[in-house]
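J.: For reference, each letter of the sequence shown is one residue, going 60 to 299 in our numbering.
No lab work stands behind these hints: they were computed from the structure. Treat each hint with caution, since some may be false.
Claimed, not checked - Between beta-carbon pairs, the in silico distance windows are:
{"hint": "1", "residue 1": "Phe170", "residue 2": "Glu246", "range": "42 to 52 angstroms"}
{"hint": "2", "residue 1": "Leu298", "residue 2": "Pro257", "range": "20 to 30 angstroms"}
{"hint": "3", "residue 1": "Val297", "residue 2": "Ser129", "range": "34 to 44 angstroms"}
{"hint": "4", "residue 1": "Phe287", "residue 2": "Trp264", "range": "23 to 33 angstroms"}
{"hint": "5", "residue 1": "Ile116", "residue 2": "Ala247", "range": "43 to 53 angstroms"}
{"hint": "6", "residue 1": "Phe261", "residue 2": "Met60", "range": "17 to 27 angstroms"}
{"hint": "7", "residue 1": "Ser240", "residue 2": "Leu284", "range": "35 to 45 angstroms"}
Unchecked claim - Straight-line alpha carbon distances no greater than 25 angstroms define the calculated DMTMM-like cross-link-like pairs of lysine to aspartate or glutamate that follow:
{"hint": "8", "residue 1": "Lys210", "residue 2": "Asp180"}
{"hint": "9", "residue 1": "Lys296", "residue 2": "Asp151"}
{"hint": "10", "residue 1": "Lys181", "residue 2": "Glu123"}
{"hint": "11", "residue 1": "Lys268", "residue 2": "Asp283"}
{"hint": "12", "residue 1": "Lys218", "residue 2": "Asp180"}
{"hint": "13", "residue 1": "Lys210", "residue 2": "Asp121"}
{"hint": "14", "residue 1": "Lys214", "residue 2": "Asp98"}
{"hint": "15", "residue 1": "Lys210", "residue 2": "Glu123"}
{"hint": "16", "residue 1": "Lys120", "residue 2": "Glu246"}
{"hint": "17", "residue 1": "Lys176", "residue 2": "Asp283"}
{"hint": "18", "residue 1": "Lys268", "residue 2": "Asp98"}
{"hint": "19", "residue 1": "Lys181", "residue 2": "Glu211"}
{"hint": "20", "residue 1": "Lys214", "residue 2": "Asp180"}
{"hint": "21", "residue 1": "Lys218", "residue 2": "Glu123"}
{"hint": "22", "residue 1": "Lys146", "residue 2": "Glu246"}
{"hint": "23", "residue 1": "Lys296", "residue 2": "Asp283"}
{"hint": "24", "residue 1": "Lys176", "residue 2": "Glu211"}
Ideal placement from N, C-alpha and C gives every residue a C-beta, glycine not left out.
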Amino acid sequence: MTLFVALIIAFGFFVQATMGFGAALISVSILSIFFPIADMVTLVLVFQFMSAGLLTIANRKDVEWRRVFSLMPLTVVGLVFGVLCLKYVNEDYVRIFLAGYILLYLLSARFALNVFKLIVDKSGIHGTGFMGGSLMGLIGMGGPPYAIYLKENTKTHTKFRADLLAIFLVVNIIRLPLSFSIDVASEAIWMMALYTAPFFLFAIWAGHKLHVRIPESIFKIGIDLLLFGSALSLLTKVLL
């Protein structure tokens, strides 16, 4: 089963290297069908940290650090809230939330029904930080609120991408010790991370090399179908 976990995580980060998003969305949603969701969120966190670190270093000259850190106060509050929920809330409820999040993401992507944008527009920087931090702490998927906020407040795609990567890096620097301190990150998780690391690195390399050769429209349809199936499987697991 360790090989299965490594392959799913590698696939998730291959998609991220190819499309620019999707590592946690794919990895956590599939693995949580078979394994404890807290373990899988924490395991994927290790590789989110590595990926964000490598890419932020490469794009550090384009980061607007003042903007990044202005989001952090309420992000930290949200992170603590999310990680505590991951630790203490019944796992089936977290699975239901994850399935709902996936379906909401698919609706937003396909039908321009962007609930996240409505919330960000109404709540501003503080609401963005809290919502993003809560989602990152609970299911490792806080990207949409931050992306929407940055889209409205950055002038170029280069700045947008660099700031988003830097946010993920700072958030994951906080998440790692926080998860460890409340015993969400066990020794078994670290051992599995070591085993998975070569698969992760190969996936990042392959995605970077192949991203221009894969038809984007077909790839997106395949990913959406995979996510929809994962959401249904998560709900089925809870109900049965």
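J.: Are the hints correct? Go through all of them and say.
T.: These are the hints, each one checked on the structure:
1. Range check, Phe170 to Glu246: about 44 angstroms between beta-carbon atoms, so the 42 to 52 angstroms window is met.
2. Distance hint check for Leu298 and Pro257: the Cβ-Cβ separation is about 37 angstroms, which falls outside the suggested range of 20 to 30 angstroms.
3. Roughly 38 angstroms separates the CB atoms of Val297 and Ser129, a value that falls within the hinted 34 to 44 angstroms.
4. Distance hint for Phe287 and Trp264: a CB-CB separation of about 29 angstroms, consistent with the stated range 23 to 33 angstroms.
5. Checked against the hint of 43 to 53 angstroms, the pair Ile116 and Ala247 fails, with Cβ atoms roughly 29 angstroms apart.
6. Look at Phe261 against Met60: about 20 angstroms separates their beta carbons, and that is inside 17 to 27 angstroms.
7. Between Ser240 and Leu284 the C-beta distance comes to about 38 angstroms, which sits within the given range of 35 to 45 angstroms.
8. Taking the CA atoms of Lys210 and Asp180, the gap is near 12 angstroms; set against the 25 angstroms cutoff, the hint holds.
9. Between Lys296 and Asp151 the CA atoms are separated by roughly 8 angstroms; this keeps the pair inside 25 angstroms, and the hint holds.
10. With a C-alpha separation of about 23 angstroms, the suggested pair Lys181 and Glu123 falls inside the 25 angstroms cut-off, and the hint holds.
11. This hinted pair checks out: Lys268 and Asp283 have alpha carbons roughly 23 angstroms apart, not beyond 25 angstroms.
12. As the CA atoms of Lys218 and Asp180 are separated by approximately 20 angstroms, the hinted pair is consistent with the 25 angstroms bound.
13. Restraint check for Lys210 and Asp121: satisfied, since their Cα atoms lie roughly 15 angstroms apart, inside the 25 angstroms limit.
14. Under the criterion of a C-alpha separation no larger than 25 angstroms, the hint pairing Lys214 with Asp98 is inconsistent with the structure, at around 38 angstroms.
15. This hinted pair checks out: Lys210 and Glu123 have alpha carbons roughly 13 angstroms apart, not beyond 25 angstroms.
16. As the CA atoms of Lys120 and Glu246 are separated by approximately 36 angstroms, the hinted pair breaks the 25 angstroms bound.
17. Only pairs whose Cα atoms come within 25 angstroms are accepted, and Lys176 paired with Asp283 is accepted, the gap being roughly 20 angstroms.
18. Proposed proximity of Lys268 and Asp98 is contradicted: the alpha carbons are some 31 angstroms apart, above 25 angstroms.
19. Of the pairs offered as hints, the one joining Lys181 and Glu211 holds, with about 13 angstroms between alpha carbons and a cut-off of 25 angstroms not exceeded.
20. Of the pairs offered as hints, the one joining Lys214 and Asp180 holds, with about 18 angstroms between alpha carbons and a cut-off of 25 angstroms not exceeded.
21. For the suggested pair Lys218 and Glu123, the alpha carbons sit about 7 angstroms apart, so the restraint of at most 25 angstroms is met.
22. About 16 angstroms separates the Cα atoms of Lys146 and Glu246, which keeps this hinted pair within 25 angstroms; it holds.
23. With a C-alpha separation of about 20 angstroms, the suggested pairing of Lys296 with Asp283 holds against the 25 angstroms cut-off.
24. For a cut-off of 25 angstroms, the pair hint linking Lys176 to Glu211 stands: about 10 angstroms separates their Cα positions.
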